[in-house]
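S.K.: Residue numbers (the numbering used here), protein chains in the order written: chain S, 1 to 291; chain E, 1001 to 1239.
The hints are simulated quantities; they were obtained by calculation from the structure and are not laboratory data. Some hints could be false.
Stretch by stretch, here's where chain E covers chain S in the computed footprint (C-beta under 8 Å, at least three residues) [said to hold, decoys possible]:
id, segment
1, 97–104
2, 133–140
3, 178–188
Some chain E residues flagged as far from chain S (calculated, every beta-carbon gap over 10 Å) [unchecked claim]:
id, residue
4, Gly1024
5, Gly1042
6, Asp1075
7, Lys1116
8, Ser1141
9, Arg1152
10, Ser1171
11, Phe1200
12, Asp1229
Treat the numbers as computed from the prediction; the structure is a model and nothing was measured. All C-beta atoms, glycine included, are put in the ideal place defined by N, C-alpha and C.
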Amino acid sequence: MAYISQQLLNMLQLGSIYAVIALGYTMVYGVLSLINFAHGDLFMIGAFLCFIATAKLHLPFVVVIVVAAIGTAAIGVAVERLAYRPLRDAPKVSAIITALGVGVFIENFTLALSPYPRHVPSVLPNVCWNFNGLTVSSIQAVIVVLSVLLMAALDFIVRKTRFGTAMRALEWDMKTLPLMGVPVNTIIALTFAIGAGFGGAAGTMYAMSFPVIDPYMGIMIGWKAFIAAVVGGIGNIRGAMLGGYILGAVETVAAVALPSTYRDVIAFTLLLILLIFRPNGILGVPKTLKV
Amino acid sequence: MNEAVVLSIRNLTVSYGTIKAVRGISFDVRQGQIAALIGANGAGKSSLLQAISGMVPFDGEIYFKGKKLNGTRADKIVSLGITHVPEGRGIFGSLTVKENLTLGAWLRKKDIEGVKRDYEHVIELFPRLGQRIGQLSGTLSGGEQQMLAIGRAMMSKGDLMLLDEPSMGLSPVLADEIFRIIEEINKSGVTILLVEQNAFMALQLADYGCVMENGEIALEGAAAALLDDPRVRQAYLGV
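Isolated chain E, as found in the complex:
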């Protein structure tokens, strides 16, 4: 817990008209951590990630590496080092797998060598993407699309990766595979903020966890402690 704070959320509120999806929450994510945000559908988890990456307006403050993100455009936030694998994967279905990966590296126009290296690394990590490299990504299976969304985010080479429900709609085998990859990305030095409904898998992987309920943080702490917490066990783990 002595690592530097990378992402700091202070009193964050996200509203859609009169409805408040996130109600004044605060928490920190530290360098090199995997932080997991768990909670039921509609708890405000996705809105929180969208606020961080500049997709929705918010009240309160968000700091990334000490820099205040308020009012920063989404494409500028990527250039600061935050990548976002959105809910529903957000792949560009009319583009090929390769074009999707290339778009991920949009801001690295001058880093031709580095982009090539990362491209090969992504293909190595996801051999199935390599087999379908020229295929329209809209024709991929759900699992392959999730791999593509993560691979594309890796091509942006950020320091913090936001992942929104990466296991959604996947078979347990595929979900395991995706979580193994997330662990590997984290080991390469990328800090992870993971939003999941699958609380058990997320907390097993994470160092730190927050439980969100109705737009507020109901519980937070070391992931291992949350796994043992009777309230979490009853509400989210079904044991």
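Okay, chain S solo, but in the shape it has when bound:
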């Protein structure tokens, strides 16, 4: 019983990180119909900002996560402004190639600055609580609670605020939205800021859980979070959250039941099978319905 609840907690921890990253993919796809392949690398930037803020600047945890999120958000906005906006009316293939190129650029730029893997010192006092045999570490508790708070805040912003209404309208029809007086570029920049900021926060949470970081760490995690977003229904915010937790659960079960080398094979196979039956993802709606 304690073993099962321990694994459930692992699912929540891993799933929270995937879900927070997946939101970045889905938000950008929602407004621009573009897969931001550099998003995994923004997540990596978040982890490196966490490293700088802790190892070099010795900042307290709350400041670390704010610095990582805001720093990554700023880089996300710069990527949109410099790389994606000039190509907004270009063929989709060009935008996708640009996104891949931006990712490779960020990886190699980071590699040039920091050629070795880095060890992130612990940001939080590592305390463990015991509930009837279930051990909860302070890191796990912070990751799960913070992720849920971030997601609840985003859900509220998207559904209830002026910005959220404009963002949803932009997803529906980018050409008509300026006729309401809405500055479309500002809404897109804010969307990138939130998506990348979430990526940065996730990078910090990841570095807290798995403290050895390197410039290529964002590739695999990024692909997985992207798949989580697709499974949930790309463009759908609650879908990305759901997809993240499903992926976390599948990976944890696969790691428990089989040799660990099988983990990714099992996870991806299950996700591919799911997509055969739900090609638009679990909560996704086919785009043609919009016409």
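With chain S held as given, fit chain E onto it using these hints.
M.R.: Positioned in the frame of chain S, the structure of chain E alone reads:
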């Protein structure tokens, strides 16, 4: 005809690659008027409206209340007082009726009282929108969507309203209803520039009319005179 010119179009050309949709046309719309642009499909009417509201680039000049609009972004043009009810209605189908109306008032963040008053006025004018206020607007009928598009434009509180084919796809009864509303909006002081394929209805409502053919103005003048013009009667009214 002595009212001030609100909108002045000078030598306007709109091109899509090598195709010219609008070929160097000029005309004026005066304060308080209803001006109608009629003409067949592909005559360049929608491109003209899109140029005015900053949605497509153009050559020539457009002046609104004496201010040159060339190079002004679409969202800034709304803030100058031009609202545009686009072709195909352009409602945001994943948003509720209420959210669509709220977006129309995007620029009036500080005018909470005024927005509330206009919101109530729109609901009063279109009771059917009031009944469906929490519904996703994508589920509305074509007529209701047109009402929503016009109501949303009213929420922007502009001085000039551009309407692109508001009767398209509507039953004659609904089209009459929409035209009655347009007349009412005009009476509240809003200048109207109306694009229509239904030439008869548009010219009956309008003060002034332009007939567009292949991107050029073929005929223009008082709407009543155009209704009697044998060329208009033969080509557009089928009589």
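S.K.: Which hint numbers does the structure go against, in order from smallest to largest?
M.R.: Violated hints (numbers, rising): 1, 2, 6, 9; every other hint is consistent with the structure.
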